[in-house]
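Visitor: Given next are the chains, with one letter for each unit.
There are 2 protein chains.
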Amino acid sequence: MVVCPSNPSEPLKPFEPLKPLEPLITLNNMYRKQTCGELRLANVGQEVTLAGWVQRVRKMGGLTFVDIRDRYGITQLVFDESEADAALCDKATHLGREYVIQVIGIVRERESKNRNIPTGEVEIVAKELNIISSSEVPPFTIEDKTDGGDDLRMQYRYLDLRRPMVRKNLELRHKLAFEVRRYLDAQNFLEVETPMLIKSTPEGARDFVVPSRMNPGQFYALPQSPQQFKQLLMVAGFDRYFQIVKCFRDEDLRADRQPEFTQIDCEMSFVEQDDVIEMFEGMMKHLFKELKGIEFDKFPRMTWEDAMKYYGSDKPDLRFGMKFVELKNMSPLRSYVQGADTSGVGQSVFPEGQFSVFDSVPYVAGINAKGCANYTRKQIDGLTDFVKRSQIGAKGLIWVRKNDDGTVKSSIDKFYAPEVIEAICAKFEAEPGDLMLILCGEMRRTQKQLCALRLEMGQRLGFRNPSVYVPLWVIDFPLFEWDEETQRYYATHHPFTSPNPDDVPLLDTDQGKVRSWAYDCVMNGVELGGGSVRIHDSQLQAKMFELLGFTEEKAMEQFGCLINAFKYGAPPHAGLAFGLDRVVSMFAEIDSIRDTIAFPKNNQGRDVMIDAPCAIDQAQLDELQIALNLKEE
Amino acid sequence: MVVCPSNPSEPLKPFEPLKPLEPLITLNNMYRKQTCGELRLANVGQEVTLAGWVQRVRKMGGLTFVDIRDRYGITQLVFDESEADAALCDKATHLGREYVIQVIGIVRERESKNRNIPTGEVEIVAKELNIISSSEVPPFTIEDKTDGGDDLRMQYRYLDLRRPMVRKNLELRHKLAFEVRRYLDAQNFLEVETPMLIKSTPEGARDFVVPSRMNPGQFYALPQSPQQFKQLLMVAGFDRYFQIVKCFRDEDLRADRQPEFTQIDCEMSFVEQDDVIEMFEGMMKHLFKELKGIEFDKFPRMTWEDAMKYYGSDKPDLRFGMKFVELKNMSPLRSYVQGADTSGVGQSVFPEGQFSVFDSVPYVAGINAKGCANYTRKQIDGLTDFVKRSQIGAKGLIWVRKNDDGTVKSSIDKFYAPEVIEAICAKFEAEPGDLMLILCGEMRRTQKQLCALRLEMGQRLGFRNPSVYVPLWVIDFPLFEWDEETQRYYATHHPFTSPNPDDVPLLDTDQGKVRSWAYDCVMNGVELGGGSVRIHDSQLQAKMFELLGFTEEKAMEQFGCLINAFKYGAPPHAGLAFGLDRVVSMFAEIDSIRDTIAFPKNNQGRDVMIDAPCAIDQAQLDELQIALNLKEE
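For the protein sequence lines, the chains are R and C, in the order given. Taking this note's numbering, I'd label the letters of the first sequence as residues 1 to 633. Taking this note's numbering, I'd label the letters of the second sequence as residues 1 to 633.
Don't read these hints as lab results, they were simulated from the structure. Using N, Cα and C, we set each Cβ at its ideal position, and we do this for glycine too. One or more of the hints may lead you astray.
Partial pick of chain R residues on the chain C-facing surface, computed with a CB cut under 8 Å [to be verified]:
1) Glu136
2) Leu161
3) Leu190
4) Asn215
5) Leu232
6) Cys561
7) Cys614
8) Leu628
Isolated chain R, as found in the complex (with noise of 0.2 Å):
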């Protein structure tokens, strides 16, 4: 396991926790006086003033109980007939779920108490109850564990807000954002907000556009991200900036993506990038401890050919160990970037000429699923169909079991001699009991499909528990990515990153090479956040936008105003963006983004709730001066 810092670490100083303000304004108007949350023993006696939500009527013989709801918590109120008007307990028995009421009564000691709740020692005993809304019965129940399916609750969303573990989420959403600001208040970051209505870019993902009523056949696009306001923020000598921003793509949705996102987006200015890192790093602690009570060491680190390596992903999830073992690996030097670990390239523990598959391909790795040697024959079936989906593709999986008695067994047995299944045992350092998972092909290919498997079994293995936390920064991306289809090199994160000064020269020799200045924050295999190093020098600009295929024309057209600004005086700069959502969820415990959201919508970019999008007026049309233009189905 990677989780020990790599460095020792460096303490920062303690961040002085805001101190809780007291409320200063207490309001005293003819709906309340206290919250549903607030009374406890020390009330017995008083008068109080209630108003909430009925969340459920219990009537038992002579006594009808109500609790009432609000944001708070929940209080129950007692109506009894041997004490109270007929009339206002006739009243408290008809009350609906959900309906809003007002309740004054006196406060008393409860016999039976609920220790689960803040207020589960007292009850009210009412005096008036007043109806301030009827409900009709809603369509779920409102509660944790509800009966209202997907499509109900986001149709039905503001009731599907009033459950708890809903509204406890945009809860720390909120005080997760506070946090943000004042952590990066106190480092002199000024949050400035950059507009929304842009100009489209036909690079990167797709923009949504806004066509312009007063600029007739011309668009707005809504921003992808900041990045280029943000640049120019700090050409402008603004020195350290951030925004909590909504930032929006076009894209077919997956389970897990929304159309419009929140991103916690900064840059700084005079930087190198164990700055940023260290400044963030610094912005990660402070929340951890701020929200969950949870104190890191210094972040590790791992460059980005480990991580394929190792785990496979550049996102590894280093809650558990499980690290690739390689056991041929003939993949050409070229095809890794400058520095990377290439000791094992070229060797191999399989003798040729015994196994074909393994004689075809540049590639064998595995990984050691500790104490699973007793796994059953029809389980290691369940997860060769589970490598062999689709989404995996890999042609099937390879095992090496070390029975408990130290006897081994393997599904290569016929192919190998005994010799060659025991070096690949001492390969795996396997102990008795530990089943090994071997998979081979291409390199790259074969890293993804072990990746999957690895997390696989860390979710049957229990090491994917979701409040334990193991950070990573994941740095020495490659600068440029090569996609088969089109023949050609893509920045992997965008043309303004800068390389790696070490790799320049590589730049005319061996582009794929080159390692970049950037770097992601990773945690539990999700990432957080990433950014990089920005070039801010003209010269390596141009010659970026040359390599990355734009004539000059095109990349003034598309980055015009940013290569301009370069001119006068552009300052070494570096940033980075978190995803909020992503990082609210992680925080959460919980799996969607969507359940971090207010109002989110659907995977065809619908909100059910309001119903849009939706057509508009044909004078809404005319007036912008476009037209429909429906493909025939």
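Given chain R, work out where chain C should sit, using these hints.
Guide: Okay, now just chain C, sitting in the frame of chain R:
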């Protein structure tokens, strides 16, 4: 003057200021070890490393002085030919404006100190000078008093933003937004992000729309405000919501409007009008105390009718008095909202049959420009021209002058007996030296004209000092506004605004008299924000839609989501929104909102720096299944 609080001030508990946190992360990279704003006499003798922009270079004999600038300040560098390397000094003399440089040197005390800047007592004796980026000669000087025109500055906004006064406005904006969040967080408000891609509603201002590729023929709209969403959050039980949020309006832009603008948007449940006013008065007080060191007593409140009667505006500038004095008011009583002071209606100081102009109008009123009796004929002609400008539209200006010797002179001497002129003076409580300026016509129109004249006189007399702040709540707005053109009533605010319950019976009998529970926060004649108590009763809401001419079908089509939500237990709620751009410009003591925005658009809605909007590719249009449909010129 209505500056004093009408009720005794109830002092709030003082808001505990956020302790300035020590910068946590001390970066110590190759670029700089200090900023250009931090060196003082105490640093004399230290070796320092600074980086920043060349502000200016002066050669005086064998000495070359270079001012180096960053966000934090300016520091003087000195290159002395008698001590230092000739090549170093030569390099310094050849530095151009706005070069980005790094310098290493020793701090020493200056001989001739500059007491105007915090770093003015020291200078850096340079030992090493590195040019990080050179700069072309900028198109205008990077100084507060620049030689660049507005268009040029907007085209090179990234250079304009280097000017300290522009940058300071954005620093103020950051701090103000931060303090808003800090105050509201302490008051249990949750910041909730509402969607940017919503549903178009034909009511109100024009929407910007966004074609949906995944739903061909359908469009999203960008929000004009999150009004429906914040009300849904109240239905969802969020209790206290806020958001600092971008909003959009596709309007023909007046001088000081932007197509995208930022609101501080807020909503609360279980509150009355007074609660909202108290809460947000508290916020404004907090901001003024933290940002400007100004403490306010309780803000005065004024009814809309009084604001119109005495100042001719729903946002009176109370930095000065000069209240309107009515000399004749024959306006029909039905034109006032319920509860208005109509004591002057039906009265006139003018005998009939002597001056046909006054005979023919229902309303004559004026202001007393104290001490202006010495205005020349030319000055008064100038004022007459001012009120006759088409934007104001008065037919003429009547004046009455009470000379220093007590004699009276007037432009209507020939029509009225001296007693009438004396009666006018008495109405104005005129003293020797006063000049009374009088307009006449239809009441509401004349009030607006007189308002313009009052503001002009206030300006001329120096009463409109931008660093004097006089706040006001305007309340009791009419619920409906009559539109002459379409001959129907419209909602003054929006269809969800609650009528004052006392006036509900008037809904059926005299719509125009109904007061709303709406309120505006006004300062120095500027509306900073406004809001209302919302209707939470379905039946009353249905009635409002009916009165506003909505069919049930049309209401459902546009507001169906909210109408449905109200069926499931809506709490009483109320809210308001402040215009952040406007609030910042008020604090920055500048007239325009443009320089509170990092990258504003011009009056044609264009960003001339990035050149947006612009044409997009045919392929993009095809994918969206829309076509241009340009009108011929």
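Visitor: For every hint, state whether the structure bears it out.
Guide: Now for the hints, and whether the structure bears them out:
Because the closest C-beta pair between glutamate 136 of chain R and chain C is about 5 Å apart, less than 8 Å, the hint holds. Checking leucine 161 of chain R against chain C: minimum C-beta separation of about 4 Å stays under 8 Å; hint holds. Below 8 Å, beta-carbon pairs count as interface contacts, and leucine 190 of chain R has one with chain C at about 4 Å; its hint therefore holds. With its C-beta approaching chain C no nearer than about 5 Å, asparagine 215 of chain R sits inside the 8 Å limit, and its interface hint holds.
About 5 Å separates the beta-carbon of leucine 232 of chain R from the nearest beta-carbon of chain C, less than 8 Å, and the hint is met. Restraint check, cysteine 561 of chain R versus chain C: the minimum CB separation of about 5 Å is within 8 Å; hint holds. For cysteine 614 of chain R, the shortest C-beta to C-beta distance to chain C is roughly 5 Å, which falls under 8 Å, so the interface hint holds. The interface hint given for leucine 628 of chain R holds, since its Cβ lies 5 Å from the closest Cβ of chain C, which is under the 8 Å cut-off.
Taken one by one, the earlier hints all hold for this structure without exception.
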